[in-house]
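Novice: Chain by chain, the residues run as shown.
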Amino acid sequence: MSEQNISLTVSELIPKIHELAAAKARFVTITCLDLGKEFEVIYHFEKDSGLVNVKVRVGKEGNLPTITTIYPCAFLAENEVRDMFGLKFTGLNPDFNSRLLRTAEDVQTTLLKPTVGVSPPMFRTPGRCAQNCPAQIDVPKYVRLIAEGRFEEALETILEQNPLAAICGRVCFAPCEDGCRQAKKGEPISIRLLKRYVADVVGIKRRDVKRAKPTGKKVAVVGAGPAGVTAAYYLGLLGHDVTVFDELPKPGGMMLVGIPQYRLPKDVMEAEIRARLEEAEADLKLNTKIESLDELFKQGFDAIFVATGAHKGASLRIEGEDHPRLWDCIDFLREVNLHGRKPDVGEKVVVIGGGNSAVDAARVSLRLGAKEVAIYYRRTRNEMPATPSEVADAEEEGVKLEFLVVPTKVLGGEKPVKMEFIKMKLGAPDASGRPRPEPIPRSEFTVEADTFIKAIGQVVTVPEGFNLKLDRRGQIQVNPETLETSMKGVFAGGDAVTGPASVVEAIAAGKKAASAIDRYLGGKGLPEPAFMEEFVPRADVEEVLAMHKVSVAKLPHDRRIKTFEEVELGYSKDEAVREAKRCWRCDWYE
Amino acid sequence: MSKGQTKRKYTIFPFGPQHPVLPEPIQLRFTVDEERIVDVGVNIGYVHRGIERACELNDYRRNVYICERICGICNFIHALCYCMVVEKLLGLEVPERANYLRVIWSELNRLESHLLWLGLFADAMGFESLFMQFWRDRELVMDLQERTGGNRVIISTCVIGGVRRDIGRDLANLVEQGMLKLKRHMDALAPVILKDPGIKKRTVGKGILTYEDAVRLGAVGPTARGSGVAKDIRSTGYAAYGALGFEPVVEKDGDCYARLLVRFYEVYQAIDLILKALKEMPEGKIRVKPDRWPEGEATARAEQPRGELFYYAKANGSNRLERLKVRTPTLANIPSLLAMLPGYEVADIPVIVLSIDPCIACTERITYLKKDGGK
Chain A
3 MSEQNISLTV
13 SELIPKIHEL
23 AAAKARFVTI
33 TCLDLGKEFE
43 VIYHFEKDSG
53 LVNVKVRVGK
63 EGNLPTITTI
73 YPCAFLAENE
83 VRDMFGLKFT
93 GLNPDFNSRL
103 LRTAEDVQTT
113 LLKPTVGVSP
123 PMFRTPGRCA
133 QNCPAQIDVP
143 KYVRLIAEGR
153 FEEALETILE
163 QNPLAAICGR
173 VCFAPCEDGC
183 RQAKKGEPIS
193 IRLLKRYVAD
203 VVGIKRRDVK
213 RAKPTGKKVA
223 VVGAGPAGVT
233 AAYYLGLLGH
243 DVTVFDELPK
253 PGGMMLVGIP
263 QYRLPKDVME
273 AEIRARLEEA
283 EADLKLNTKI
293 ESLDELFKQG
303 FDAIFVATGA
313 HKGASLRIEG
323 EDHPRLWDCI
333 DFLREVNLHG
343 RKPDVGEKVV
353 VIGGGNSAVD
363 AARVSLRLGA
373 KEVAIYYRRT
383 RNEMPATPSE
393 VADAEEEGVK
403 LEFLVVPTKV
413 LGGEKPVKME
423 FIKMKLGAPD
433 ASGRPRPEPI
443 PRSEFTVEAD
453 TFIKAIGQVV
463 TVPEGFNLKL
473 DRRGQIQVNP
483 ETLETSMKGV
493 FAGGDAVTGP
503 ASVVEAIAAG
513 KKAASAIDRY
523 LGGKGLPEPA
533 FMEEFVPRAD
543 VEEVLAMHKV
553 SVAKLPHDRR
563 IKTFEEVELG
573 YSKDEAVREA
583 KRCWRCDWYE
Chain B
782 MSKGQTKRKY
792 TIFPFGPQHP
802 VLPEPIQLRF
812 TVDEERIVDV
822 GVNIGYVHRG
832 IERACELNDY
842 RRNVYICERI
852 CGICNFIHAL
862 CYCMVVEKLL
872 GLEVPERANY
882 LRVIWSELNR
892 LESHLLWLGL
902 FADAMGFESL
912 FMQFWRDREL
922 VMDLQERTGG
932 NRVIISTCVI
942 GGVRRDIGRD
952 LANLVEQGML
962 KLKRHMDALA
972 PVILKDPGIK
982 KRTVGKGILT
992 YEDAVRLGAV
1002 GPTARGSGVA
1012 KDIRSTGYAA
1022 YGALGFEPVV
1032 EKDGDCYARL
1042 LVRFYEVYQA
1052 IDLILKALKE
1062 MPEGKIRVKP
1072 DRWPEGEATA
1082 RAEQPRGELF
1092 YYAKANGSNR
1102 LERLKVRTPT
1112 LANIPSLLAM
1122 LPGYEVADIP
1132 VIVLSIDPCI
1142 ACTERITYLK
1152 KDGGK
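Taken in sequence, the protein lines are chains A and B. Numbering-wise (the numbering used here), the first sequence opens with residue 3 and increments by one. Numbering-wise (the numbering used here), the second sequence opens with residue 782 and increments by one.
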């Protein structure tokens, strides 16, 4: 096999190619070599079954004349050299404009997509429901486990992040449901009721949990509300020796005092709290009021978590507020819920305020025998902080709602009491984003009722002996990341830090505190929620969308207002599974 | 794209990069006038495997295994061609027996490839049972590759300076028996190829490539030989082809049927070559070890089932090559393919495209120099 090498200058190239074409040489290919300062281009030809290599040197900025005019089949080789080395050929035809070879940044996406159908998802996001949950429960996972009938695993999934499943299943205001993809249709999945179902069906009992090796550190938790119990539970699981103190005779804090029996049966609540604390091997010391934190440190505690809550009703700041028939909502509810007394509310009751406490006070009044109950709120229905379903339930039971009214003074009198109110209009939005109500001049009117109940929120009262730094509203000041207070080794969370909030927010605070306290004591804190789940393809979206919300059975209306029995009866097994099957898995597919 | 003299409106439609008849990424853009093809554009370069660049980064002895993977079906011939170019740089003389063994494995590769193609071609015509027949017989060849090379496909027997495995007397007997059996099977299928009116209707007179076009467009392999161009690199006598004596198979018509016949007769030719090589194979060493590092530049060519394979290598006396250039036969045949298609009907496209035996995996072996070298 003979081989012939010819070196040429650029100008000699085309004549030589013509000569080869006349000798019927066959074009083989073009090789380009990068010599640093210049390129060496080798044209390979086959002539009489031997090879002819024509070598041309050209500068990096130089051009070469195309040989496609003589050998049209050379266009692929020339385009290839041009794309690989950036060497230009004048008159190249056809010119692929550097698109013969695509670089990695310029990949044709059509080839990366499968030819038919949708590719199965690769990554899972927490899902909007779980993103909305302050406690970071893996909501999509347990909803799906319920749909498959695996209730115990579903409950375990919840308890990983939230120890109070039965309680939250009843009283949580369910921010998860606002995030639910089905909410776009106006019918979010009843995640709260699903949680309640699994908690009830599995039952409240002491589980076999793995507790970490005892660390020998002692932690005191002041307040047995949701924040305190959660912190105690997780600290106990992390191996610390926890003691929970509470001044009330039963655990539960504001859940005990503020939430009526018909929404949260007290036996369920107490059983669940006790079960969790037993699992964590935490001591519960009731009827013990803590006056000083130094005292606790002297008893040998290494860290203290303060979760005393917000138990004092806020003031209306109006003339004659100390009238005996103007009750404070929290005091009123405490009487009923804690002491089981039945205060005489009279025939007509007016509740002032728009939160859940106001609605609770109104509904409790009905059950205590009031014939006519009204809620007076200074803004409109849209701005009411109470859960809409609670408001709807209350209206169903006969509670009247009056909007855009505010009390200005107590006029006095006994049965009925007279109070002066003024009408309002909505103005510009305030700091909370809600429109600020403004009084309409000379629109005062008088309301008569047997009892007025003010439910305009609670304020935090921290015992003076704690010596903690408070902010101007009387709430404990903490580092928002670690929940550490001004005193070393003392952490605080829940309503005592945030002001009145929800159960699930308190649970989130308790968990955060448990992590922070564990780190303070030399541990690693609680693991981040992993949101791991095996992928299971979903059913057809259209099918899922066509399913309607399963409504929950409620106590008949006539029995409701006479007793304190639980109003919501919860789902049956079929209903729970059917409702859970409405999940369309946006965590995987969006 | 052709503008056309009349004001007729043309349709442009893409064929590939994903198409049932050709599951490899090449796109042909057809301009059609109703059913008739007016013009064809080509789009390649969907998958670059960076093999030339990879060969510059590895030890020259290990490159054999990289080159082998340029194409699965003619893996031995890629390795052989690479070894030939490096042996030229080293001035290494390969033992005689190794040359005969190289021929045997090259021809087994060719049998494997041609039987595969004959099956696929039958499938493209809709001749399902013929497809199965060819693929069943192909298993004979695959089994022999496994027995002699240790693997059904990538056999990795070629190394610089010779081959890695010997074919002893027992194995030689086995190969001989296998070849005789394959020949009997081909005899049974020959009447179908030669006489079946269905095959003739789909292939005769379709996709004509004239002798002049084949020369002008640089066609190689069975594509060129189907048009009467008596070009076969094996006639240059590399490995033991010179000693065995070799005459290329040539057909004159230049249509799909001619290319089919070339490949079918080459199956017989390969069987004969293997039998002859087994018989004439001399005793002796099968491998010499290189005693220095390659230097200088060289080219080598070998005949793949699809046509001429071209390797260019440049080395500077280190254990790595400075530049390796590979030109696979499919790249050389694409211009011919583009010349074949105009004038035929859309229904002929699969048959004509397949008739060059396109192997895009071979073609796409180019590096991303823009990205990693900025050259």
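If you're looking for bench data, these hints aren't it; they were derived computationally from the structure. This structure is a prediction, so every number in the text was calculated from the model and none was measured. It cannot be assumed that every hint is accurate.
As the list claims (entries may be wrong) - Straight-line distance between alpha carbons at most 30 Å, and here's what the computed BS3-like set of lysine-lysine pairs gives:
{"hint": "1", "chain 1": "A", "residue 1": "LYS344", "chain 2": "A", "residue 2": "LYS556"}
{"hint": "2", "chain 1": "A", "residue 1": "LYS300", "chain 2": "A", "residue 2": "LYS373"}
{"hint": "3", "chain 1": "A", "residue 1": "LYS471", "chain 2": "A", "residue 2": "LYS252"}
{"hint": "4", "chain 1": "A", "residue 1": "LYS18", "chain 2": "B", "residue 2": "LYS869"}
{"hint": "5", "chain 1": "A", "residue 1": "LYS287", "chain 2": "A", "residue 2": "LYS268"}
{"hint": "6", "chain 1": "A", "residue 1": "LYS186", "chain 2": "A", "residue 2": "LYS420"}
{"hint": "7", "chain 1": "A", "residue 1": "LYS252", "chain 2": "A", "residue 2": "LYS287"}
{"hint": "8", "chain 1": "A", "residue 1": "LYS49", "chain 2": "B", "residue 2": "LYS1033"}
{"hint": "9", "chain 1": "B", "residue 1": "LYS1066", "chain 2": "A", "residue 2": "LYS26"}
{"hint": "10", "chain 1": "B", "residue 1": "LYS869", "chain 2": "B", "residue 2": "LYS964"}
{"hint": "11", "chain 1": "A", "residue 1": "LYS26", "chain 2": "B", "residue 2": "LYS981"}
{"hint": "12", "chain 1": "A", "residue 1": "LYS268", "chain 2": "A", "residue 2": "LYS551"}
{"hint": "13", "chain 1": "B", "residue 1": "LYS869", "chain 2": "A", "residue 2": "LYS49"}
{"hint": "14", "chain 1": "B", "residue 1": "LYS869", "chain 2": "B", "residue 2": "LYS1066"}
{"hint": "15", "chain 1": "A", "residue 1": "LYS373", "chain 2": "A", "residue 2": "LYS551"}
{"hint": "16", "chain 1": "A", "residue 1": "LYS26", "chain 2": "B", "residue 2": "LYS987"}
{"hint": "17", "chain 1": "A", "residue 1": "LYS373", "chain 2": "A", "residue 2": "LYS268"}
{"hint": "18", "chain 1": "A", "residue 1": "LYS314", "chain 2": "A", "residue 2": "LYS373"}
{"hint": "19", "chain 1": "A", "residue 1": "LYS300", "chain 2": "A", "residue 2": "LYS252"}
{"hint": "20", "chain 1": "B", "residue 1": "LYS1066", "chain 2": "A", "residue 2": "LYS57"}
{"hint": "21", "chain 1": "A", "residue 1": "LYS220", "chain 2": "A", "residue 2": "LYS252"}
{"hint": "22", "chain 1": "A", "residue 1": "LYS350", "chain 2": "A", "residue 2": "LYS291"}
{"hint": "23", "chain 1": "A", "residue 1": "LYS39", "chain 2": "B", "residue 2": "LYS1066"}
{"hint": "24", "chain 1": "B", "residue 1": "LYS1060", "chain 2": "B", "residue 2": "LYS987"}
Novice: Hint by hint, which ones does the structure fall short of?
Specialist: Structure breaks hints 2, 6, 9, 10, 11, 15, 20, 22, 23, 24.
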